[in-house]
Every structure is written in structure tokens, then in C-alpha cells.
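*Asks:* So the chains spell out like this:
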Amino acid sequence: MAKKTYVEMFVEGAREGWRIGIQALLPNVVMAFTLIKILDDTGVMKALGSICAPVMSVFGLPGQAIMVLLASLLSMGGGTGVAMSLFTSGTLSAADLTIVLPAIFLMGGQIQNVGRIFGVINISPRFYPLVWGVTLFNGVAGMLFMRFVVKGI
Amino acid sequence: MKQETNPAVGQDNTPVEQKNEIDIMSYINPFLAIIILSGALAGTQGWLKAFDFNSLTGDFGTMKNAAQTFVGSGGTGAKQGFLFGLGLIPAVMLSVGIMSIVEQTGGMKVAQKVLTPILRPLMGLPGCASLALIASTQSTDAGASLTRVMFEKGELNGKERLIFTTYENSGAAAIGNFISIGAAAFPYIVVAMGIPFAVILIMKFIGANIARLILNKFYKEEELAN
Numbered sequence: 001m002a003k004k005t006y007v008e009m010f011v012e013g014a015r016e017g018w019r020i021g022i023q024a025l026l027p028n029v030v031m032a033f034t035l036i037k038i039l040d041d042t043g044v045m046k047a048l049g050s051i052c053a054p055v056m057s058v059f060g061l062p063g064q065a066i067m068v069l070l071a072s073l074l075s076m077g078g079g080t081g082v083a084m085s086l087f088t089s090g091t092l093s094a095a096d097l098t099i100v101l102p103a104i105f106l107m108g109g110q111i112q113n114v115g116r117i118f119g120v121i122n123i124s125p126r127f128y129p130l131v132w133g134v135t136l137f138n139g140v141a142g143m144l145f146m147r148f149v150v151k152g153i
Numbered sequence: 154m155k156q157e158t159n160p161a162v163g164q165d166n167t168p169v170e171q172k173n174e175i176d177i178m179s180y181i182n183p184f185l186a187i188i189i190l191s192g193a194l195a196g197t198q199g200w201l202k203a204f205d206f207n208s209l210t211g212d213f214g215t216m217k218n219a220a221q222t223f224v225g226s227g228g229t230g231a232k233q234g235f236l237f238g239l240g241l242i243p244a245v246m247l248s249v250g251i252m253s254i255v256e257q258t259g260g261m262k263v264a265q266k267v268l269t270p271i272l273r274p275l276m277g278l279p280g281c282a283s284l285a286l287i288a289s290t291q292s293t294d295a296g297a298s299l300t301r302v303m304f305e306k307g308e309l310n311g312k313e314r315l316i317f318t319t320y321e322n323s324g325a326a327a328i329g330n331f332i333s334i335g336a337a338a339f340p341y342i343v344v345a346m347g348i349p350f351a352v353i354l355i356m357k358f359i360g361a362n363i364a365r366l367i368l369n370k371f372y373k374e375e376e377l378a379n
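From first to last, the protein sequence lines are chains A and B.
The first sequence lines up with residues 1 to 153 when you count with my numbering.
The second sequence lines up with residues 154 to 379 when you count with my numbering.
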């Protein structure tokens, strides 16, 4: 058999990428977006926001910023979208946006990740808490560090 | 490159056991499905909307100006998710395609040579994990798929797989996502974008090492193999 060209190697990989995209990725993303809609419509997201408000002052953020983190858990795009809309409406200042930005990505997409990371890698659910715990720590530490950078001690 | 990924959450290599017993949810689920699919709550406002099929299906975004992609703005629900999800696929095809060339031209062996001495002290991972590591900075799915394949080939053990999972899960596809999605915020933040970016990468590394410490201290490899 003749040696494969780079083009053939790439196309082989791209075909595999298409399969992953259609079979593993797209159904999970549609699930996540529908879930976001249900949480929005039922008011669960909003209620969580007002309950958790006091916690956010630890990071020098207004209470509404919890919505950014909750939306981030569903998707990074959602988290960024909420952050930008709160910034546009003046609820978050430029400094607040700076503080919360790394956390959107450090803690982002956790619900999608159950399918896209845990499901694909096939790790046992008994280790989800370990991975989630570290992820939460990363986000919290990231926000505290950004608070220090932006607002000092 | 052969990758076996699960088509959906919970459908892994292990066959999903079919539960045939009737429980309380067997009665509730058809009831909810009838409500949702019948359109009985169409046009309602407030939380009832969450049980209307058309509302859950949502809308495609619309392109209000030439700068917007086909995802548009103002989309909701499953339709928005579908377009957003379609938009993710080219990046996956591209990164898996590139990784395919790297792998088939012997890149795996070179990466192992160069990174083995660094990755082991850095995160307790074998050097061959470097490819998955690089892929995972761009694409969550490419990174996760590669990790699964490496475990199945025996290139990662159970502990290493969990360390890698932890590394990837926090700040998934950090570079790809931050540069694309995060870019929306760059013009407005009060520090250079390099600072939050560095915070993300450093915390990913620190987090992986926390997982490594915990796994080393409290678990034996035999407990981690599945």
C-alpha cells in the first residue's frame, strides 16, 4: 500500500472529528441549552441568584454576579453572555467583569462536561466530587486572585 | 487515529442496563410528555412555559447585522443549542485532523521524548499525555477523546486519567474558549487580557496537582482502574 499523504491523514482525522461532533457533541449541547431554558423559564436560576447573593461579596462582586457563575456552569458562552448583559446594564462594573472573567472559564461548562468529558473519558461517578471540588476551588481562587489584582487587599 | 466515543451521556462501552421495572417515574414521565408535546401550555407565560414544546424548541437567532455568524442573536432553547453546537464542529474536525497527522507521522514518539521528563514532575502524567494536553487546550472533545483512547491503550493508568480529567474539566479548552468566547469581554476589562488568561492556566495546573496529591494520599491504583 502506498504511503498516506498528509491530506489523507488530515481527512481521516477530520472524518473522525465529524463523527465525534455529531454523535457525542451535538446531542449533549442541545440537551444543555434546553436545560438552560427550563431553568430560566421556571425561575430557578433567578431564585438561586437572590439566595446566594451574600456569598459574592467575598469576591468584591455584587450579588447578581452569581448568575454569571451559574450560567457558566451550563456553558461558558452562557456565562460570558450573562456577564456582558449585566455589564451593559451597569449591574457589573468593568472591575467586576475583570474579576469574574477567569472564573467563567475555570468553572465553565460543567453540565456539558458531564457528557463531553466525564462521559467520553468514561470515569466512574464516584470521582465526580473530587473533580468538581478542584474545579470549584480553581474558580474561587481565580476570583480571589483577580480581586487582589483589581482592587488590592 | 481510532477514537471510540460515546454517543450520549451514560452510553459508554459498558452496555446500558435496561430498566424494565415500573416505578413512580414511569407514571409521571408520560404525563409530562403529554403536557409538553400536546402544546396544552402553548402561549402561557412565566414558569409554565418550561413545559411547552414550542418554547423548549425555541428559536434560531437572527442575523441583525453583517458581523454576526449564522448563530445570530436572540436564539433560544434547543434550536439555539443546535446551531451553537454545529458551530463547534469545524474546530473539532480541524483539531482531530491535525492530531491525526501528528500521530501518523510519529509525533507521539517525539512528544513522549521531549515532554516525559517535564510532565511527570509537573503533573504526574506520562509524556505521551502531552498530545491530549495540547489538544485539550483547544477542544474539550478532542482532549477528552484522546484521553479515553490513551487509557484504553494502557498509556494512562487510572490515577493519571483522573489527574488529566481534573486538569481538563476546570477551564476546559481554555485557550480555544478564552480566545473565542472570552474575547467578547476583552475591550472592557481593566487589566491586560494576559492576566486572566495566565490565572486560568496556572489554576488548571495547581488544580491538577491538588487532585494528584489527594489521589496519591488516599487511593491505591487498583481502586482507580475503572
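Worth flagging that the hints you see were computed from the coordinates, not collected in a lab.
Ideal placement from N, C-alpha and C gives every residue a C-beta, glycine not left out.
Worth double-checking, as some hints may not be accurate.
Said to hold, decoys possible - Stretch-level coverage of chain B by chain A, calculated; a stretch enters the list once three of its residues show a Cβ under 8 Å from a Cβ in chain A: (1) 185-197; (2) 274-282.
Stated by the list, open to error - Have a look at the derived ranges for each label pair, beta carbon to beta carbon: (3) Arg-126/A with Asn-207/B: 23 to 33 Å; (4) Tyr-128/A with Lys-370/B: 16 to 26 Å; (5) Tyr-180/B with Tyr-128/A: 23 to 33 Å; (6) Val-55/A with Leu-201/B: 29 to 39 Å; (7) Arg-126/A with Ala-186/B: 27 to 37 Å; (8) Ala-94/A with Gly-227/B: 37 to 47 Å; (9) Gln-198/B with Gly-63/A: 17 to 27 Å; (10) Tyr-6/A with Leu-201/B: 49 to 59 Å; (11) Ala-186/B with Lys-151/A: 42 to 52 Å; (12) Val-55/A with Ile-355/B: 38 to 48 Å.
Unchecked claim - With a Cα cut of at most 25 Å, we get these calculated DMTMM-like pairs of lysine to aspartate or glutamate: (13) Lys-306/B with Asp-205/B; (14) Lys-312/B with Asp-212/B; (15) Lys-202/B with Asp-212/B; (16) Lys-266/B with Glu-305/B; (17) Lys-232/B with Glu-12/A; (18) Lys-312/B with Glu-256/B; (19) Lys-4/A with Glu-256/B; (20) Lys-306/B with Glu-374/B; (21) Lys-202/B with Asp-40/A; (22) Lys-46/A with Glu-308/B; (23) Lys-46/A with Asp-176/B; (24) Lys-306/B with Glu-256/B; (25) Lys-306/B with Asp-40/A; (26) Lys-306/B with Glu-376/B; (27) Lys-232/B with Asp-212/B; (28) Lys-266/B with Glu-256/B; (29) Lys-306/B with Glu-12/A; (30) Lys-232/B with Asp-205/B; (31) Lys-373/B with Glu-308/B; (32) Lys-370/B with Glu-308/B; (33) Lys-3/A with Glu-256/B; (34) Lys-217/B with Asp-40/A; (35) Lys-373/B with Glu-305/B; (36) Lys-266/B with Glu-308/B; (37) Lys-312/B with Glu-376/B; (38) Lys-312/B with Glu-374/B.
*Asks:* Now, for every hint given, state plainly whether the structure supports it.
*Replies:* These are the hints, each one checked on the structure:
no.: 1; hint: 185-197; verdict: violated (count 0)
no.: 2; hint: 274-282; verdict: violated (count 0)
no.: 3; hint: Arg-126/A with Asn-207/B: 23 to 33 Å; verdict: violated, 39 Å
no.: 4; hint: Tyr-128/A with Lys-370/B: 16 to 26 Å; verdict: holds, 19 Å
no.: 5; hint: Tyr-180/B with Tyr-128/A: 23 to 33 Å; verdict: holds, 29 Å
no.: 6; hint: Val-55/A with Leu-201/B: 29 to 39 Å; verdict: holds, 30 Å
no.: 7; hint: Arg-126/A with Ala-186/B: 27 to 37 Å; verdict: holds, 32 Å
no.: 8; hint: Ala-94/A with Gly-227/B: 37 to 47 Å; verdict: violated, 25 Å
no.: 9; hint: Gln-198/B with Gly-63/A: 17 to 27 Å; verdict: holds, 26 Å
no.: 10; hint: Tyr-6/A with Leu-201/B: 49 to 59 Å; verdict: holds, 56 Å
no.: 11; hint: Ala-186/B with Lys-151/A: 42 to 52 Å; verdict: holds, 50 Å
no.: 12; hint: Val-55/A with Ile-355/B: 38 to 48 Å; verdict: violated, 24 Å
no.: 13; hint: Lys-306/B with Asp-205/B; verdict: violated, 46 Å
no.: 14; hint: Lys-312/B with Asp-212/B; verdict: violated, 43 Å
no.: 15; hint: Lys-202/B with Asp-212/B; verdict: holds, 14 Å
no.: 16; hint: Lys-266/B with Glu-305/B; verdict: holds, 21 Å
no.: 17; hint: Lys-232/B with Glu-12/A; verdict: violated, 30 Å
no.: 18; hint: Lys-312/B with Glu-256/B; verdict: holds, 24 Å
no.: 19; hint: Lys-4/A with Glu-256/B; verdict: holds, 13 Å
no.: 20; hint: Lys-306/B with Glu-374/B; verdict: holds, 17 Å
no.: 21; hint: Lys-202/B with Asp-40/A; verdict: holds, 10 Å
no.: 22; hint: Lys-46/A with Glu-308/B; verdict: violated, 45 Å
no.: 23; hint: Lys-46/A with Asp-176/B; verdict: violated, 32 Å
no.: 24; hint: Lys-306/B with Glu-256/B; verdict: holds, 14 Å
no.: 25; hint: Lys-306/B with Asp-40/A; verdict: violated, 42 Å
no.: 26; hint: Lys-306/B with Glu-376/B; verdict: holds, 19 Å
no.: 27; hint: Lys-232/B with Asp-212/B; verdict: holds, 5 Å
no.: 28; hint: Lys-266/B with Glu-256/B; verdict: holds, 14 Å
no.: 29; hint: Lys-306/B with Glu-12/A; verdict: holds, 20 Å
no.: 30; hint: Lys-232/B with Asp-205/B; verdict: holds, 14 Å
no.: 31; hint: Lys-373/B with Glu-308/B; verdict: holds, 18 Å
no.: 32; hint: Lys-370/B with Glu-308/B; verdict: holds, 22 Å
no.: 33; hint: Lys-3/A with Glu-256/B; verdict: holds, 15 Å
no.: 34; hint: Lys-217/B with Asp-40/A; verdict: holds, 24 Å
no.: 35; hint: Lys-373/B with Glu-305/B; verdict: holds, 19 Å
no.: 36; hint: Lys-266/B with Glu-308/B; verdict: holds, 14 Å
no.: 37; hint: Lys-312/B with Glu-376/B; verdict: holds, 9 Å
no.: 38; hint: Lys-312/B with Glu-374/B; verdict: holds, 6 Å
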